[in-house]
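Colleague: Each chain, letter by letter, is given below.
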Amino acid sequence: MPLIDLANPTRFLGFVGRLVPWLTAVTIVLFAVGLYGAFFLAPDDYQQGATVKIMFIHVPCAWLSMFVYATMAASSLGTLVWRHPLADVSMKAAAPIGAVFTFVCLATGSLWGKPMWGTWWVWDARLTSVLVLFIMYLGLIALWQTIEDPIRGAKAVAVLTLVGAINLPIIKFSVDWWNTLHQPAAVFRLGGPTIDISMLWPLLVTALAATCLFVTLQLLAMKNEIKRRRLRTLRLIEASRPHAVAGTPVVGAAS
Amino acid sequence: MKPLAALFLREWRLSTRVGGGALMGALFFLIVVTVIPFGVGPDLKLLARIGPAILWIGALLATLLSLDRLFQADRDDGALDLLMMGETPLELVVVVKCLAHWAATGLPLVIAAPFLAVFMNLDPPAIGATVATLLVGTPALTFLGAIGAALTVSLRRGGLLSAILILPLTTPVLIFGVSATTAAVTEPTPFLAPFLILVALVLFSLVVGAIAAAQALRLSAN
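From first to last, the protein sequence lines are chains G and V.
Counting along the first sequence from 1, when you hit position 11 you're at 11 in this note's numbering, and nothing is skipped either side.
Counting along the second sequence from 1, when you hit position 15 you're at 15 in this note's numbering, and nothing is skipped either side.
Bear in mind the hints are in silico, worked out from the structure with no lab data behind them.
Check before you lean on any hint, since a few could be wrong.
Here are some, though not all, of the chain V residues that point toward chain G, as calculated from beta-carbon distances under 7 Å [to be verified]:
1) A5
2) L151
3) Q215
Quick caveat: nothing in here was measured; it's all calculated off a predicted structure.
C-beta atoms are modelled at their ideal positions from N, C-alpha and C, and glycine is treated no differently.
All chains should be modelled from the sequences, with the hints used to inform the complete structure.
Modeller: Structure representation (structure tokens):
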């Protein structure tokens, strides 16, 4: 099925209905394999001991927090440039998911930082830029909540999302540009990863699992948003019908 | 060039005359800076150390407060629609409006800063550095703030939301403004490097702010 066909919300809903059970199964299997590998097969770090296990949650969430924002930025382009009917639905669905990933990344990082650095929080460039990302997510959600008309709201949110995308390269390169307490990139770098293969493979599997989790949640959230909009339209139609005067019970209008 | 000059003069006059409220921001700035010693205590050494940061944060808050005047009144009386229909590109109109807005609300902050710096027990070199960074950096706050003002122009109570949306974007300006000031006071660290980054941020926010705000205004119009 070509991608353009999915622009039709009904076809999209059918597609989601068929895809989601498979995606859920893949997510569960990947998480099971990845977490088993992380907690039972991967060795403890020679310096950090068992606290290194936090990495298998922290790093996938950190990657996903940026990936979700990139998805939102791409969807914003879809809204502003191509007026794709599902792009703003995708944009709206991704914001809370991305906020949660970012929050989990910050929280696990804080839990990891206490035993390793001796503090819950430092104001170094990486941590600060991720905190700014979290606040941007919350701001975008607030903007969605404020504008009643979803079409108009989508355009406003799209402009702000694209402006905020400047933060993504700052997060990525913050550990290289500034001398941070946060360690530099260990996996995706020139010259290959500096992390041992016994820890690398569970990390990559959990990262893939987190990505699948995001795609599943995203599709479900988009489905909900489409249905919410249909409900809104039905209510507006019902409210503007001439015979629906006060006093006569309107079937289904209150649902 | 002529329509832009006319627009600048119009904005300037509107904001400095009765009902324009240009000096409200400066008054708010004064109050914020006065209140902080009550919070942290009247320790002059401590105040001298955090003084530049207080002045910068005060200027940031004062700028945010005055942002709702940037497009709101023009939208209410229909002038914004005329500006959008005109031949002058909307991006340029936004830049000129921002510059006039800064001249009316941001420049008083910069002028007030050396006097408030005396309250903060700053040395003359620190005062000079704070005023220089504020003079260069506050336009960036206005340009970035234009994005928030344009996004929330159609909302009834957009002021707080606009501040929430804009504050994360202004953190780099604040960071490099304050770090340039502290670098000027502490001897070995160079002043020029963070100052030049601040200048770059201003130019960057001019472009991004003008394009994004103009786009947001167009989208809110139809």
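Colleague: Would you mind marking each hint as holding or not holding in the structure?
Modeller: The hints, checked one at a time:
no., hint, result
1, A5, "violated (29 Å)"
2, L151, "holds (5 Å)"
3, Q215, "holds (5 Å)"
In summary, the one numbered hint that this structure violates is 1.
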